[in-house]
Amino acid sequence: MSYLAKITSPTLLLDEKICRSNLKRMADKAARNNMKLIPHFKTAQSPLEIPKLNQIATHQSISVQLINATTAQMLVDQLEQKVGFFIEIDAGYGRTGVEVSDFGLIEEILRISNHSDKLFFKGFYI
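Each residue of the sequence shown is one higher than the one before, starting from 8 at the first, in the working numbering.
If you are wondering where the hints come from, they were derived from the structure by calculation, not from laboratory data. Any given hint could turn out to be false.
Said to hold, decoys possible - Here are the computed lysine-lysine pairs in the DSS-like style, where the Cα-Cα straight-line distance is at most 25 Å:
no.: 1; residue 1: Lys59; residue 2: Lys129
no.: 2; residue 1: Lys36; residue 2: Lys89
no.: 3; residue 1: Lys89; residue 2: Lys129
no.: 4; residue 1: Lys125; residue 2: Lys59
Sequences are here, hints too, so could you generate the full structure?
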């Protein structure tokens, strides 16, 4: 059985040499333009990975993107470490994110997050 067949949850597979080269290229470009590079990886919604999120957040500042109240509530209930969050806004493609006019959902996510001292709002992500 190949190692790929053993993967049962969202898993990042990358070529470290290519990744480091790409990060250096982006960091150099940001520096040339007097900007700050904030690298990130996007994954599918993974609320069942909260134990791993807690583990990572023990040693590293981390943020997640929220698009629904259910995931926000799961984070409030299960986070043990401080985690920042952005509310992802749909850029108009209908693929992911909260519709920009859905003020009710945006308010609900913010209201839920206010019940936790571990989850803190960092802004909107488009």
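List, from low to high, the hint numbers that the structure doesn't satisfy.
Those not satisfied come down to hint 2.
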